[in-house]
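Asker: Below are the chains, spelled out letter by letter.
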Amino acid sequence: MNRMNRRAVLRGLAGTSIALPWLEAMNMRKAHAAPGMSDTGFPKRFIVWATCNGFHPPIWDPSGGETDFVMRPVHKALEPFKKDLVIVAGLNDAAFGASHGDLHSRGMCTFMSGTESIVNAAANGGAFGGESKASGGITLDQEIVKRLAPNTKFPSLEMTFIGAATGPYGTTSYLDASKPLSGSKDPNAVFNRLFSGGAGGGASADPATAARLVAERRSILDGVGKTYQGLLPKLGMADRDKVDSHLTQIRDLEKRLQVMQPAPAAPAGSPVGGATACLKAPPASSASDRPAQAAAFVDLLGTAIACDLTRVATMQWEMTTGNSVYSWLGISRGHHDMSHDGDERSDTVAELTKIHTFYVEQLARLVTRLKSIPEGNGTALDNTIILHVCDLGRGNNGHTGTNKFHMLLGHGGGALKNGGRLLRYTGDANNKLFVSILHMFDIPANTFGDPSLSSGPLARL
Amino acid sequence: MKASVALSLAASLTLACSGSIEPMPGPQAGGPADIAGPSIGGSGGTGSPSKPPVGGPGGAAPTPSACKPADPLPAPLRRLTRREYNNTIADLIGDTSGPANSFSPEAGSTGFDTAADGAALNDKVVANYATAAETLARSAAKNLPALMGCDPVAMGEQACATQFIARFGRRVFRRPVSTDEQARYEALFASSRQLGGFAAGIEDVLRAFLMSPQFLYRVELGAGPGPRAGLTKLSPYEMATRLSLFFWAAGPDDELLNAAQSGGLNTVVQIKAQAQRLLMHEKGGRLVRDFYDQWLEADALDSLFRGATFTPTLAGSMRQEIQTYFDQLIRQRGAGWSELMTSRTSFVNDELARLYEIPGITGTQFREVMRQGDRHRGFLTMPGIMTLRAFPNEGSPIHRGKFIREQVMCEPKLMPLAGVVIPKIPPADAGKTSRQQLEEKTQVVEPCKTCHTLMNPPGFAFGKFDQVGGWHDVDDQKRPIDTAGTLSGTDVDGSFQGHVELIERLAGSKQANACVGKLWFRYAVARMETATDDCTMRDLSDAFTTAKGDVRSVILGLATSDAFLYR
Numbered sequence: 001m002n003r004m005n006r007r008a009v010l011r012g013l014a015g016t017s018i019a020l021p022w023l024e025a026m027n028m029r030k031a032h033a034a035p036g037m038s039d040t041g042f043p044k045r046f047i048v049w050a051t052c053n054g055f056h057p058p059i060w061d062p063s064g065g066e067t068d069f070v071m072r073p074v075h076k077a078l079e080p081f082k083k084d085l086v087i088v089a090g091l092n093d094a095a096f097g098a099s100h101g102d103l104h105s106r107g108m109c110t111f112m113s114g115t116e117s118i119v120n121a122a123a124n125g126g127a128f129g130g131e132s133k134a135s136g137g138i139t140l141d142q143e144i145v146k147r148l149a150p151n152t153k154f155p156s157l158e159m160t161f162i163g164a165a166t167g168p169y170g171t172t173s174y175l176d177a178s179k180p181l182s183g184s185k186d187p188n189a190v191f192n193r194l195f196s197g198g199a200g201g202g203a204s205a206d207p208a209t210a211a212r213l214v215a216e217r218r219s220i221l222d223g224v225g226k227t228y229q230g231l232l233p234k235l236g237m238a239d240r241d242k243v244d245s246h247l248t249q250i251r252d253l254e255k256r257l258q259v260m261q262p263a264p265a266a267p268a269g270s271p272v273g274g275a276t277a278c279l280k281a282p283p284a285s286s287a288s289d290r291p292a293q294a295a296a297f298v299d300l301l302g303t304a305i306a307c308d309l310t311r312v313a314t315m316q317w318e319m320t321t322g323n324s325v326y327s328w329l330g331i332s333r334g335h336h337d338m339s340h341d342g343d344e345r346s347d348t349v350a351e352l353t354k355i356h357t358f359y360v361e362q363l364a365r366l367v368t369r370l371k372s373i374p375e376g377n378g379t380a381l382d383n384t385i386i387l388h389v390c391d392l393g394r395g396n397n398g399h400t401g402t403n404k405f406h407m408l409l410g411h412g413g414g415a416l417k418n419g420g421r422l423l424r425y426t427g428d429a430n431n432k433l434f435v436s437i438l439h440m441f442d443i444p445a446n447t448f449g450d451p452s453l454s455s456g457p458l459a460r461l
Numbered sequence: 001m002k003a004s005v006a007l008s009l010a011a012s013l014t015l016a017c018s019g020s021i022e023p024m025p026g027p028q029a030g031g032p033a034d035i036a037g038p039s040i041g042g043s044g045g046t047g048s049p050s051k052p053p054v055g056g057p058g059g060a061a062p063t064p065s066a067c068k069p070a071d072p073l074p075a076p077l078r079r080l081t082r083r084e085y086n087n088t089i090a091d092l093i094g095d096t097s098g099p100a101n102s103f104s105p106e107a108g109s110t111g112f113d114t115a116a117d118g119a120a121l122n123d124k125v126v127a128n129y130a131t132a133a134e135t136l137a138r139s140a141a142k143n144l145p146a147l148m149g150c151d152p153v154a155m156g157e158q159a160c161a162t163q164f165i166a167r168f169g170r171r172v173f174r175r176p177v178s179t180d181e182q183a184r185y186e187a188l189f190a191s192s193r194q195l196g197g198f199a200a201g202i203e204d205v206l207r208a209f210l211m212s213p214q215f216l217y218r219v220e221l222g223a224g225p226g227p228r229a230g231l232t233k234l235s236p237y238e239m240a241t242r243l244s245l246f247f248w249a250a251g252p253d254d255e256l257l258n259a260a261q262s263g264g265l266n267t268v269v270q271i272k273a274q275a276q277r278l279l280m281h282e283k284g285g286r287l288v289r290d291f292y293d294q295w296l297e298a299d300a301l302d303s304l305f306r307g308a309t310f311t312p313t314l315a316g317s318m319r320q321e322i323q324t325y326f327d328q329l330i331r332q333r334g335a336g337w338s339e340l341m342t343s344r345t346s347f348v349n350d351e352l353a354r355l356y357e358i359p360g361i362t363g364t365q366f367r368e369v370m371r372q373g374d375r376h377r378g379f380l381t382m383p384g385i386m387t388l389r390a391f392p393n394e395g396s397p398i399h400r401g402k403f404i405r406e407q408v409m410c411e412p413k414l415m416p417l418a419g420v421v422i423p424k425i426p427p428a429d430a431g432k433t434s435r436q437q438l439e440e441k442t443q444v445v446e447p448c449k450t451c452h453t454l455m456n457p458p459g460f461a462f463g464k465f466d467q468v469g470g471w472h473d474v475d476d477q478k479r480p481i482d483t484a485g486t487l488s489g490t491d492v493d494g495s496f497q498g499h500v501e502l503i504e505r506l507a508g509s510k511q512a513n514a515c516v517g518k519l520w521f522r523y524a525v526a527r528m529e530t531a532t533d534d535c536t537m538r539d540l541s542d543a544f545t546t547a548k549g550d551v552r553s554v555i556l557g558l559a560t561s562d563a564f565l566y567r
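Read top to bottom, the protein sequences are chains A and H.
Numbering of the first sequence is given in my numbering, commencing with residue 1 and proceeding in unit increments.
Numbering of the second sequence is given in my numbering, commencing with residue 1 and proceeding in unit increments.
No lab work stands behind these hints: they were computed from the structure.
All C-beta atoms, glycine included, are put in the ideal place defined by N, C-alpha and C.
Treat the hints with care, as some may be off.
[To be verified] Derived list of chain H stretches under chain A, where covered just means 3 residues or more per stretch with a C-beta under 8 Å from a C-beta of chain A:
1) 122 to 128
2) 202 to 211
3) 489 to 502
[Unchecked claim] Straight-line alpha carbon distances no greater than 35 Å define the calculated DSBU-like cross-link-like pairs of lysine-lysine that follow:
4) A:Lys179 / H:Lys233
5) H:Lys272 / A:Lys354
6) A:Lys354 / H:Lys449
7) H:Lys449 / A:Lys242
8) A:Lys179 / A:Lys371
9) H:Lys478 / A:Lys242
10) A:Lys226 / A:Lys146
11) H:Lys478 / H:Lys424
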């Protein structure tokens with residue numbers, strides 16, 4: 001119940017620009033804006049852009065200095081957005097180093113949480129000391145959701161392009177230790193969830209019909225909630241937690257129905273939002289047309305941001321050990337198989353370049369979309385941070401958690417003003433980057449993840 | 001190195017158990033109704049005292065103290081899996097569209113979805129349930145007579161609704177609707193009828209049913225202490241639910257609910273009789289089909305790339321063959337491990353017949369065939385199995401060998417160690433065959449040698465099968481394909497000339513037998529085995545190795561084990 005109250009308080013705050021006295025003590029970047037809001041009153045958004053099976057340094061590492069760096073061919077599609085880009089090279093996944101066992105699941109279970117993974121040593125011992133079976137803590141995206149509790153229809157959105165969207169090898173986002181959030185793999189289903197008249201929504205052409213549907217849904221949910229309530233006293237502690245969180249979700253769903261009528265909320269003063277701009281369907285797509293599906297995911301993400309349906313999202317492009325064959329790029333070997341090849345294999349390097357170029361092109365599509373959404377004197381990209389991140393450092397020549405390659409795109413509502421920079425580090429913990437990102441979202445923090453691994457933000461960022 | 005240490009440890013654990021169980025009765029003549037089974041990890045049961053142990057297969061003196069009884073199922077409340085949701089909806093309202101397919105996939109720790117505690121519960125999960133309930137109820141309410149089983153005009157709207165809530169609710173909740181619940185749902189019906197009429201009232205009741213915890217969760221409150229500390233008895237309805245979710249991946253039918261109501265699920269004998277009925281029921285095929293589908297990861301066939309000839313229809317046929325084979329051989333013929341490994345029987349349609357080079361089969365209908373000649377035995381050579389472990393343009397000996405070691409023999413995972421660089425394997429050329437190239441790069445020096453010496457040979461045995469299971473006597477350069485090798489690190493070590501001899505070795509392997517038992521345990525009990533399960537594991541292994549061991553008896557044994565009977 002405490003959590004609920006806190007959420008309610010924060011929700012109230014998110015919609016106001018009054019700075020309460022206690023907020024000033026929270027070491028906020030901008031004392032005059034509400035947390036998670038830009039200086040100009042637009043919501044800040046955080047998007048995790050996760051790729052898997054490691055990077056391949058010869059493909060990725062740019063040359064040159066901090067501001068005169070030369071981007072690699074794989075980054076060509078981002079060239080027009082160089083001013084919106086900060087490359088953060090050379091961090092270590094500190095929690096990867098602190099964890100044990102199989103390298104793939106280890107990377108996947110630590111790379112966004114900065115916390116030692118939970119290892120399933122007994123079940124799958126063998127040569128690798130077990131697989132990681134889950135993240136050992138909350139991931140950065142969900143920390144932002146938790147701390148800002150945005151008053152949006154969906155707290156966050158998780159989507160997965162290819163490969164498993166669940167389990168230790170296929171999950172980027174965790175609500176908490178061992179609480180994975182699996183991604184949706186079907187853009188059409190995501191679209192329905194975001195916009196249909198289903199129980200999660202309330203949109204209808206006719207306002208009276210919409211209102212009646214919402215009222216009916218709310219009344220049924222209320223009754224259903226009572227059946228969960230009634231079950232609670234009969235259960236043991238662990239089961240009670242489970243049913244209690246189900247109940248909380250039902251109550252939240254009821255509230256969302258309330259919040260959402262009669263039309264999707266748009267940021268105050270925003271020239272965008274409202275039914276017409278929001279309800280634009282992405283092109284229909286199917287799993288047999290992967291490029292179209294990728295585009296549909298990106299467009300949905302852009303639309304969800306444009307309509308302020310969510311402010312936090314994770315787009316996962318592959319699972320770790322994912323052995324998908326990117327046949328539409330003319331590739332005939334599996335991604336994971338290739339990620340084990342040595343650097344000297346020019347044929348593999350060429351194929352991996354194709355795969356990463358494909359990802360970067362999708363990223364450029366998203367950036368273009370966000371730049372097309374006007375917000376005040378700028379665009380949605382100005383109020384967004386996209387974190388491009390990978391499960392591992394090096395994929396080829398051994399899977400590592402060191403020398404990782406991160407990219408930040410966007411400006412976080414003024415929190416990351418100077419783009420066009422290449423920042424090199426020598427083994428600082430990625431936890432520091434995550435602390436910096438929390439600060440960009442006006443979240444006071446000195447550590448993220450396991451506090452024993454590092455503290456403080458990343459210098460120079 | 002580490003791998004082989006772990007291997008021998010695992011082997012000694014399995015073999016060290018020296019307790020005993022009731023001897024396995026011989027095969028019965030009377031067919032499925034007489035399936036007999038050993039007691040698996042049991043401690044006496046709820047009403048049918050088991051006979052004292054009379055010596056194991058080897059005639060060793062009984063040492064009951066060596067046997068630790070199995071732990072009960074993990075107690076946590078579980079949500080229906082997507083499979084269970086789909087099947088239950090199909091049974092309840094006849095919608096076979098798979099409404100749960102778009103729900104978040106399960107993340108199981110055993111490799112089977114039964115262990116899935118579900119992905120973390122978030123807004124999406126709950127919104128999915130709400131949306132599905134709304135859609136399903138709306139469409140079901142369009143055909144009220146079929147849904148309700150009473151005629152509101154003849155019977156009166158209120159009486160018909162009351163009866164619907166009680167009768168239909170019993171199947172939704174998998175137990176009788178309580179007086180309080182009856183009143184609450186009648187009130188919902190009344191208020192919705194007032195707003196939108198009779199059909200709207202029923203639709204809303206159905207919607208609420210499908211979102212209720214009694215439907216979405218396997219609620220097990222227990223019914224008092226069990227026969228020893230730590231065990232809690234299940235109520236008869238909870239037992240009925242466990243049984244039906246295990247055997248049918250769906251809720252119980254009226255017969256099972258009636259048995260629960262009339263004291264027909266109170267003893268192990270009664271439970272076993274119901275278990276036998278459920279297994280042999282048409283819906284019992286789901287258990288066998290889904291188990292083997294998940295074990296062999298056959299669902300991956302739907303998303304593989306194997307060149308232009310590998311169409312989605314062919315992928316579907318391959319998957320269908322695997323499922324049909326196990327269902328027919330196990331449920332209808334009482335096959336054991338050895339027969340499953342070596343049978344010449346299979347079930348094919350026209351496109352599979354072309355791959356098998358069996359003439360004269362037309363049409364998409366599946367029919368039973370005998371696979372003559374020296375190419376095919378059991379399931380390992382099936383096109384689907386060969387296709388799953390292959391590269392897009394050729395078979396993959398390493399993946400096939402790895403599959404045999406990890407999945408058929410239950411050995412720990414074999415993956416490259418940290419920092420190992422995978423060498424480039426040159427393609428076959430005029431000088432060397434692809435096998436020679438692979439052996440030179442992986443079997444000569446460490447760190448590759450140890451593991452590849454274990455997994456390459458059984459993989460090479462299948463070297464004549466290509467990436468879709470087609471047969472080749474010679475390679476691209478018209479050279480013979482070498483499929484001979486030596487199996488090592490198992491209980492059936494030795495040399496073999498080709499895949500048929502390898503399969504025959506594996507068919508007689510205790511380790512492989514024990515592996516099947518382990519896998520069934522993980523599926524049924526929904527967790528990994530632990531040291532306290534040694535005895536159950538041994539019993540399962542013995543059940544398979546006993547002459548003509550019948551997989552059905554192991555399934556039934558598990559369903560009447562303590563781990564299954566109590567929480």
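Asker: Each hint should be assessed against the structure and marked as holding or not.
Answerer: Do the hints match the structure? See the list:
no. : hint                : verdict
1   : 122 to 128          : holds (count 7)
2   : 202 to 211          : holds (count 4)
3   : 489 to 502          : violated (count 0)
4   : A:Lys179 / H:Lys233 : holds (30 Å)
5   : H:Lys272 / A:Lys354 : violated (58 Å)
6   : A:Lys354 / H:Lys449 : holds (32 Å)
7   : H:Lys449 / A:Lys242 : violated (48 Å)
8   : A:Lys179 / A:Lys371 : holds (34 Å)
9   : H:Lys478 / A:Lys242 : violated (63 Å)
10  : A:Lys226 / A:Lys146 : holds (26 Å)
11  : H:Lys478 / H:Lys424 : holds (24 Å)
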